[in-house]
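Colleague: So the sequence lines, in the order shown, correspond to chains V and C.
When the count follows numbering that gives the first Met the number 0, it moves up by one through the first sequence with no breaks and lands on 243 for the last residue.
When the count follows numbering that gives the first Met the number 0, it moves up by one through the second sequence with no breaks and lands on 236 for the last residue.
Keep in mind the hints are simulated off the structure, nothing from the lab.
C-beta atoms are modelled at their ideal positions from N, C-alpha and C, and glycine is treated no differently.
Possibly wrong hints are sitting among the right ones.
Stated by the list, open to error - Some chain V residues judged to face chain C by a derived CB distance under 7 Å, without partners named: (1) Arg-11; (2) Gln-15; (3) Arg-17; (4) His-18; (5) Thr-22; (6) Leu-25; (7) Thr-77; (8) Glu-82; (9) Pro-88; (10) Leu-89; (11) Asp-243.
Each chain is listed here by its residues.
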Amino acid sequence: MSLRITLAVALRVLRQLRHDPRTLVLVLVIPCMLEVILQQLFGRDSPTFQQVGTPLLGLFPFVTMFLVTSITMLRERTAGTLERLMTMPLHKVDLLAGYGIAFGLLAVLQATLVSALAFRVLGLDVSGPKWLVVALAVGNAVLGSTLGLFVSAFAQTEFQAVQFMPAVVFPQILLCGLFVAREDMATWLRVISIFLPLTYAYDALARTADDQLDARFALDVAVVTSCVVLAVALGAATLRRRTD
Amino acid sequence: MTAPAIRVQGLRVVRGGVPVLPGLSCEVAAGSVTGLLGPSGSGKSTLIRAIVGVQKVAGGSVEVLGHPAGSPSLRTRVGYMTQSPSIYGDLTVVENLAFFARVAGQPGATADRALEDVALGAHGHQLVASLSGGERARVSLAVALLARPELLVLDEPTVGLDPLLRRDLWELFHRLATRGSTLLVSSHVMDEADRCDALLLLREGQLLAEGTPTELRERTNEPDLDAAFLRLVETVR
């Protein structure tokens, strides 16, 4: 593993984003727009907005980075740049870490922007520390990125890659406890939700909103972190130097 | 006689149940510009991918600069240009070269030199996506040249280029060989064969012939290499 190469990859991905201002604007503006819609839909002081606003804010980066990373990585595979890099002195982890850093930084920007809007303008309130919401959002972005990298190996076209979003992301959002508390779910759904990383990502955000930074919160963070490590390992396993 | 830069023995590659290379053996002399010629689908790219170590292999051995193909120690010593330009369309030419130079551990100045080598100095700040196909191929070639590797493996580097540029690139290839590099250059155009020191003629995954252009002419009694190739195909039948 080489820091020089990792940073080279991160810088390159950021430069690619800079040349694509439309994507950049979409990544930054869409979460803000959705947060505004949410506030207008339920009303500034409604318990629903207060309850849903924070978790949603922390889950946006997960969704965005999942999509952006899986497409970027797919392009790397189909354009032959991955094959070229595999003949060069680059370690697989350099590539994955470089992607993680670049999209992590983008997530910092995204989460900071939408948090500033939600907390300062839209009247969203949390009992726990606000910086922790941003930090969790960035962590979720890295989780999204690593999962996106992993699933990109199973897509041959960008059409397929886009379909992985409803396939991999939507069920997790439905089952994480945001719409229906996990205690109220049918048993089989609750059992499934135990194995989905977003369940823990959501729980950590909900606990931050309620200022319940207890042992369960620590477990949530530990599970999400382990899922990132696992996804990186699985992602690295899909990056083969030799292919057919 | 120095050891060959590439030694392929009984190389077998199967793709989708079909043997693409049923058992190929050949050598590339160190310091030569060797042409890998054959029609589209003859297995040129597969052989090249096996040499740079990215092709799954079913049998046989490929030795490059004294090491098994794909060895980590070769990754700084071998330059590879894929058939379709493997560069980032959403970056400028200079940004592409700067990235690959960093990965290869080369100082930024090598990027300028590589850009001059392929005569693209004027296009440095253009987005790759806005370049023509030929220009993109040259950026891709420049990336392979970055590290001034001991072995350069180029998959159809001159396809679609105008004759003047093609001549310049072949001169560049020979200059690089004079400086001590070995070049393996694939092409499906026979008129490029004459520019090579040695030839490997491939057809349907089999080595049809190897030798210098002069040797092939003498063997087939054909002054024209295109005709010599045809004669060889017919003799095999």
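Colleague: To test your reading of the hints: which numbers does this structure violate?
Modeller: Checked against the structure, the hints that fail are numbers 3, 5, 6, 7, while the rest are satisfied.
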